[in-house]
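So the sequences go chain by chain: U and V. Quick note on this note's numbering: the first sequence kicks off at 1 and runs consecutively. Quick note on this note's numbering: the second sequence kicks off at 860 and runs consecutively.
FYI, nobody ran anything at the bench for these hints, they're computed from the structure. None of these values were measured; they are calculated from a predicted model. Every residue, glycine too, gets a C-beta built ideally from N, C-alpha and C. Mixed in with the good hints, there may be bad ones.
Using C-beta positions, here's what the derived DEER-type ranges look like [as the list claims (entries may be wrong)]: (1) L991/V / I330/U: 23 to 33 Å; (2) A893/V / L375/U: 32 to 42 Å; (3) P798/U / A1064/V: 48 to 58 Å.
Okay, derived cross-link-like pairs now, SDA-like style, lysine to any residue, Cα gap no bigger than 20 Å in a straight line [to be verified]: (4) K488/U / R1009/V; (5) K469/U / G492/U; (6) K955/V / R774/U; (7) K13/U / E759/U; (8) K469/U / K526/U; (9) K955/V / R778/U; (10) K469/U / K947/V; (11) K488/U / L1006/V; (12) K947/V / R849/U; (13) K488/U / R1012/V; (14) K990/V / I482/U; (15) K488/U / H1011/V; (16) K526/U / T715/U; (17) K955/V / R849/U; (18) K1033/V / V1062/V; (19) K947/V / L853/U; (20) K488/U / E985/V; (21) K955/V / L853/U; (22) K469/U / H1011/V; (23) K488/U / T1010/V; (24) K409/U / R1009/V; (25) K947/V / N851/U; (26) K13/U / R445/U; (27) K488/U / V1062/V; (28) K990/V / T1035/V; (29) K955/V / A855/U; (30) K469/U / T1035/V; (31) K955/V / T715/U; (32) K469/U / R1012/V; (33) K113/U / D726/U; (34) K990/V / Q481/U; (35) K42/U / D111/U; (36) K179/U / G168/U; (37) K488/U / G988/V.
Computed from the model, here is a short list of chain U residues facing chain V with C-beta under 8 Å [to be verified]: (38) P478; (39) I482; (40) A485.
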Amino acid sequence: MIRVALRGLAGRKLRAVLTALAIILGVAMMSGTYVLTDTIDKAFSQIFDESYAGTDVVVSGAGPDISFQGMTSQAPPVDASVVEEVQAVPGVAAAAGSVADETNTKIIGEDGKAINTQGAPSFGFGIDFSPEAERFNPLNLVAGTWPSGSGEVVIDAGTADKEGFEVGDTVEVSTLEPKQPFEISGIARFGEVDSLGTATFAVFDIPTAQTLLHREGQVDAVSVGAEDGVTPQQLISDIQPVLPEGAQVRSAEAEAQDDKDEISEFTSFIEYFLLAFAGIALFVGAFVIFNTLSITVAQRTREFATLRTIGASRRQILRSVITEALAIGIIASLIGLFAGLGLAIGLNRLFEALELELPQADTVFATRTIVVSLLVGVVVTLIAGLFPAIRATRVPPIAAAREGAELPKSRLAPFAPYIALGVIVVAGFLLAYAMFRDELGTGDRLLSIAGGVILLFTGVAMISSKLVKPIAAVVGWPARQIGGAAGKLARGNSIRNPGRTAATAAALMIGIALVTFVAVLANGMKASNREAIEDQIAADYVVTAQDGFSPFVAEAGEAVESAPDAELVTSVRSELGEVDGASNYVTGIDPDAITQAYTFDWKEGSDTVLQDLGSNGAIVSADFAEDENLAVGDMARLLTTSNEVLQIQVKGIYEPPPFYPLLGAVSIPKATFDTIYERPRNQFTFVNVPGGPSDATSAQLAEAVAAFPDAKVQTREQWITQQDEDFNQFLTMLYVLLALSVIVSVFGMINTLVLSVFERTRELGMLRAVGMTRRQVRRMVRHESVITALIGAALGLPLGIFLAALVTRALGEFDIRFSVPVDQLVIFAVIAVIVGLVAAIMPARRAARLNVLRALQYE
Amino acid sequence: MATMEQETKVPAAASGTVVSAGNVSRRYGEGETAVDALRGVSLDVARGDLTAVMGPSGSGKSTLMHILAGLDRPTEGEVSIDGTNIAKLGDTELTKLRRKHIGFIFQFFNLLPMLTAEENVVLPLELAGRKLDKAWVEEVIGKVDLLDRRTHRPSELSGGQQQRVAIARALISKPTVMFADEPTGNLDSHTSGEILELMRESVDAYGQTTVMVTHDARAAAIADRVLFLADGLIVKELGRCSPHDVLEAMEEVSRL
């Protein structure tokens, strides 16, 4: 029996290939994701291992460990004198200080703009290049020499490559100081890691770095090497006593592990993100396989009946169909697994195209990748093949003797609509549970959303066979108008076997529903974002960092004041802080000027409270006040990343738009802010000009901050547009990833059409005999395909809108607008038509090429 | 194409010949495995005639019909339909020629399951993009006695009714010649009788030229002319005759 199954598969190669493709793509996406994220992980591991290669223990500032929404505070520096003190400790072979700043050093690219690292670090290093300290240097020179003196810099090989910089060139670098020209004395990389992704580094000698990065007399870390025979533990306990307050000593191993853990949190986010798309593609693939096997089982009714008459048991029939599924699953998963290696490169290119590339090392092809990809691919195929296999066992032997034998109806068929409704109801419960139960953990929430969505799609797919007729009547109308007799026949064909059309359309429905969901939600978010910004910002201009969201050098804000037309310039400082133990952003504002640039929606207090903030007065957002139980007049303890503590008093409470509050949860006077944070940075600098923005004032302001290339002057409108564009880029990535599942459904459509054409061979022969031209045959198949695709769109678009509405409601606390982008949905419907046309190309050609005579004699 | 059609036009109307085959051969396959289905058959089908083609299986009768109907091409020899030599026509021209001049009745009815009886009947007109002559549609459906079944789908019709739909579908385009391939081959003997009667009637009432391939002696007996094929050649011809004569001739042919 197994031989029968495999021979059968070999005899239907095209079908086998198309069916396999449905699962190959999903598996490839999965293995590609693993390969990509493993490789990124490895690259980071190498970077960190390299950083600590010659180091046994590390002395660094012991800052409070404040982190909020993925941002962590950088530890404060320690006094440079610590280096000598540590060197004097017995058992220390060597010790060297280094300066490392993660965000403020910007290399100016060829276009005169600071290289945008898209949120990745832009390191500024000060490194001790003396021979004794060489063992601590994590960098390797690719060309040139290490920098010496205040005029030289070494930059990373990736940036040198991208921007075409060479040793001896002059490059401008901005730091906490305005941009200055430096001569490139050399080009370096971390150990053997070629690319840092979008991250950059600029290396100076220590005194230069200290000046540029405002760490006079300070270092960020002291790397210590032990003498032979001295363990890191011993060294730690020996060094501990000599350290001043605010400094700590840890083993290099622990430091590296911390860094790795932080990064793997990030890469595992990417991993889950991409795996979700692999899961969607596999889910769609499951539909395709289910449908293809169902059709082939129906077409082989005679064959199964014949096998039964010659003695095959039901179990053997079951086994034969399952074997077929298994063979497809195994082959497809194997191909997918290796295709994933290629796809990983493709994914990386996608990230690169969106300027989000990540560090790369040698490709990692882990055992886990192989096992999980193969297992998931095979299991999904088997599950999808189970129902058709069971149907096949229900063929009675007598069917062998009947003309036009048909597969007996499933015993469950009469209950199918009720089962489908039941599935949809369960899906609804799961979704509601996920969205409206507050105490649910993120993992559980995502799981029940995923489960709910899968069940919802399955349920809708099951019930959609009942919807095929009415929908086809509507979406088939153009076909009848344009396609004439062929179009009319196409519509008839599409409703002949509603179950088959429904399953085919359902595969496309999933892709379209998800794309619609994303589009609708994104549209709402953009609207909310615009509204939030317009509600808050009253200023004419906003100065931000190049990327629009990172903090930037405070001096840049002050530089704006030099513009003659700048009537009002007010900066908003921002750093992490801990208020009564709760982490959040703390902002520093000008009490006198802020209201002219920012509109407060007061809950308690008014603009006048800003006048009596004094030195420790604070205004607090309503959400934070509620969470932390703060009322006007209450005192709270503010701990800064610079390890300073300030008792603040709540003076006013306001309600910022929940979608995008521009200020931190707690705002204090800027003058106070600057005393309790070292190297304070700006989040925004707001500027008002007389008579509102004009090209002339824009140019003037841009000129004023020219020395700080990371600062970007935009009108409020430009800033919003910029954010929309950045967001669109992210959306594009989502669409590209979702396109994968649409492609899978295209294979499903091709498959169904090929099988239908095959099944209707004799009918096509008759049609050709009574006067249907080849053109009309092609048109008929094409229209059927388009009708099927449009059914998918007709199901997917409302489903996507519904899901978006649900999520919008669930995220009610962020005040996301619900707004349907009709133009985009029209585009999706057009894409569905194109998908239909593309899927029909090959089947239509096959149908048109049929030999009339053979088709007529075909049984 | 129009000019070619004119060039190849022979005075068909004058002679009363609507389909003619001249020394037609048809070979399938090549080399040693080649099979000669037809080995030089010539015949003229006269307007308004019902011609039956008989012969044992493998005699080439189906091949002959396919070639006469423009579904297959001869290896050698010439075929013209309504004066048009079909040898040089491309697929599209041939299809259009079929639309205009040829009607088909099949052994297995070959109706489209998703269309009603009436929709099946008018399908050839729709494919050709021709206007429906309502009166003619009524006339034809009435002729095949399906006025009360016109909205039924094939699955709701008996075999005989389905074949009547097929006959109406063949008649609807007023083809120059109607081909029937074993029209009673899939029907019981009572229904066969009805179908044969209907075919004879449509020849008499509309002057519908018809060529029927059959191995049913009763079917052949309604024909104006019966041709007997054996081994790819016409070996005998009878005029109007009884089933008995047909059977005798069959036996004679099989002894050859």
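Query raised in the report: Looking back at the hints listed earlier, which ones does the structure fail to meet?
Result: Failing hints, ascending: 1, 2, 8, 10, 11, 24, 26, 27, 30, 31, 35, 38, 39.
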